[in-house]
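**Q** Protein chains in written order, with the numbering used here: chain A, 1 to 716; chain B, 1 to 121.
Hints should not be assumed to be uniformly reliable.
[To be verified] Not everything, but these chain B residues come out facing chain A in the computed CB check (under 10 Å):
(1) 80
(2) 86
(3) 105
It is worth saying that the hints were derived from the structure and are not from the lab. Each residue gets a CB set at the ideal place from its N, CA and C atoms; glycine is no exception.
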Amino acid sequence: MLVNVPGPWSPLLGRLALSEIPYTNPILAPLFVVIVLAGIALVAAITYYGKWGYLWKEWFTTVDHKKLGVMYIILGLVMLFRGFIDGLMMRTQQMLAVGPGDNGMKAMGAIHGYLTPFHFGQIYSAHGLIMILLAATPLLVGIMNIIVPLQIGARDMAYPYLNALGLWITAAAVFLIMISLFVGDFSHNGWFGYAPIFELAYSPGVGVDYWIWTLELVALGTTLGSINFLATVVKMRAPGMTWSRLPIFTWSAVSANIIALTSFPCLQVALALVGADRYLGTHFFTAGFGGNLMLYTNLFWLWGHPEVYFVILPAFGMISEIIPAFSEKPIFGYTAMVLATFAIAGVSWIVWLHHFFTMGMGPYVSTEFSIATMLVGIPTGVKVFNWAATMYKGRLTFSAAMLWAIGALFLLLIGGLTGMMLSIPAVNYMVHNSVFVVAHFHMMLLCIVYAVFGAVIFWFPKVFGFKLNEAWGKIMFWLFSAGTFLVFFPMFMLGFMGETRRLDWPFDPHWAVWFDVQEIGIVVYVLSVLAFLWMIYVSIRDRAHHRVGADAWGTSRSLEWLTDSPVPFYNYAMVPHINARDEAAWRREHGFSQSRPDHFAAIHMPNNTGVAVYIGALTFVIGFGLTWRIWWLTVAALILTVLIMIYRSGKGDPGYVISAEEMEKLDRESRQNMSDGQQHLPKGGGYTGGTVTAYSAAASDQRPQGTPPGNSRPLS
Amino acid sequence: MSHGHSNPIEHPEVQMASRGSYLTGFIIASLLMLAATILVSGQVLAPFPLLLTIMGCAGLAAIAQIYFLLHIDISEHNIWNTVALVMFIPLFVITIGLTWWMFSQLYLRTMPMIPGMPGMH
Ligand code: HEM
Ligand SMILES: [Cu+2]
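In isolation and in its complexed conformation, chain B is listed as follows:
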């Protein structure tokens, strides 16, 4: 609460925020979600390609949200955002990667195979 701090409106992260970028982020994320929903509910693709496609959609949505909504990028003016991004990558690999590995091993042992998955019969 120290007094006479610079105007918060002038902070770089506030400066970066604009109505346009929030709207773009929101629209892109919504469209991707809509696309995924239509693909799944209409069963447009075979199960395994479907899985890959909606994962792709999710990945793109995540990137759009990080960039447009959270304004996290690798530019210099905002060191803490870069730190947050660097934190994010290992956590992403750990949570998604290890979960994937775990489930693939589990499915090998317990589940009927998803049709169309390569390397399985």
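Chain A with its partners taken away, still in its complex shape:
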């Protein structure tokens, strides 16, 4: 090849060799055994119960946006857990290693703490990449996937097959980063990478290559998804769903996906150039030969800052759906909300430089970007006031989802204010690259995680037909919040005390006490993870008691609450006609919530396909082959991918048609199923009344069948 890789290379296996598997590592080797055993147990269980066919037919080959969304969310939750374990390891290392002197565990080969610097570097790099791109992004994409078509009254996404492709390419990225645990090692230069340390001369291993191809894959999957979302909202809205009636969450999805579509290609180009340096021997980002180190940082953050808004805007959208439902009021200032969303999206394009003020481009440039960054605060402030005004004089129900949404607001406040501090260059010079910055963006990203948990609890009954256990949802909320407080407030303190980020050996003994507090926080986080798992278990066990009707909360507002719960695969038996901005609330208040379609028409649905799974698997092989420089494998997988794509394009998907009679039957069964689950419930709400909103134009005596959240069963 054009570059000489250090170390052995063979045509058959590339750089791969048995010695690349870290079977002597005292952490990874046992973990590997555990994972292999768990994997065998899982495969055995699926085989024993004969579920392979079911999984393949119903899930792996599906093009149904709801199932794809559920799989996105499961993927995101698994990676959230993996990222959390990374966090736990980093916190423990710093707690053990703090202070001068020789406190390392010799058995592990560490001079300080229990991790070697090389291992610690891989952990923080993987943690950042995983949390932002493989946990937060799939969680948000998954929720958008489920909710956006429902909110606009569509039967599916505009391109159902493309949707599946996006999921499986993202899954390929997940597998690639997971396999880097056990085969070779991962990058150690941070989640965003530094030039020139990622050049082959300074990072001769495969770690950086894993990093490049994981990012490339997830960027590809997300770009495809964003095209799909935009086409869906532009083209697939139900009759009457004008732009001015679009639910806020869908608006936020539109803005976020415009950002994704325009910014992810930047990341792909930046990484392709890094790849060219490492594989072809070019000099884009080297220190000599005409290369420019800072160009990389510039290109990366040109994507990086829009990306942070790509993840926060859908979270804002979720908060905007949860708060009105549990305040029993429409959102305050709809138009202002939409404009603010787009203002944030627009400004997000002109601020990326605040990530490297300290590079030294002088006062004029810094001033421009400082002011632009502060401008973001205006639309964000508009949103916060709108949420507050929505709650003002509302009839508040502090359900678990509402708690998460309100919690998100507090984190947004702290994160936003510290962001404002960071956007002042003079302040930034003091705290840049300290853990103060780390605390800032964790406030922001946790704001997203809070919104996601709120959204999961809020929309879970829509997708599965029963509610999650409220009490355990609240317990988890309080544990999680305590953990957040204990881990991240000390981090702000440590930032002011001068702790730089990514220290495998925090040398200053004055920091010790804050590390201990953080470690306690991590323990509390662990408890919240257990509470989450228990909540899932209890909810599934008692699902018969928590079945819901179409309008699960009794106070819901937007269109998705009109169709049955769980949502049938065709979403709406007849495409609904939209009359108002909050369609479900409008129908409830005008006494139409029980009305059903009076006739049915044949509908056209897409077929399942395995092609997306195959292409996903092949992209994984391409990433793996490139990482290890196994050229024949890469080329073979690439050719196969192209052939499969050509084959699929030639064949197309005629889809299938469900006749009107069949639709009527399906609709009747779905209804029946839903009301069977309702037998045990009293009609009409509980203590909130559940229906008559304080602001309804015309209260009706139609009682929806929702249960107010307070009625759920006690702890078990």
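On the provided structure of chain A, position chain B with the ligands as indicated by the hints.
**A** For chain B with the ligands alone, kept in the frame of chain A given last:
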């Protein structure tokens, strides 16, 4: 997925696509890239004129790709393409323009000057 939608082959953007235009776009873009590569690797020009020349090549390649490969133009039949074009211009100015400004300020402070650049010594 609504049923009985008009034939996708009849959509204007599909109608616009032809083998000829794809090939033309591909050939023009490749030739421009080749020209830039030869200029750079042969060091045919002084550094600053070289920089301007390859930037010119890049600009032409971008226009060729937008027109021949993406079929984005300002004609009326395809409103969304025009919207995409209108989106593209501010983004282009922002990304390239602000980056340029930033680097020029940075170089003023940190780099030896590129020979041949006007206004610098
Ligand atoms: C009010 C809005 C915000 C302002 C004014 C702001 C400001 C800043 C500034 C100035 C920095 C650079 C700090 C430094 O490195 O010295 C920064 C870093 C960061 N911010 Fe924000 N920010 C805001 C919102 C957000 C949001 C919404 C997110 C994500 C959801 C976010 C995520 C991040 C991340 C990930 C970093 C650092 C990345 C890294 O260095 O690894 N910020 N922010
Ligand atoms: Cu930023």
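**Q** Take the hints in turn and mark each one as holding or not.
**A** Hints, verified against the model:
Hint status for residue 80 of chain B: holds, given a least beta-carbon distance of 8 Å to chain A, under 10 Å. Checking residue 86 of chain B against chain A by beta carbon gives a least distance of about 13 Å; that is not within 10 Å, so the hint is violated. Residue-level restraint check for residue 105 of chain B holds (minimum Cβ-Cβ distance to chain A is 5 Å; threshold 10 Å).
In summary, the structure is inconsistent with hint 2 from the numbered list given earlier, while agreeing with all the others.
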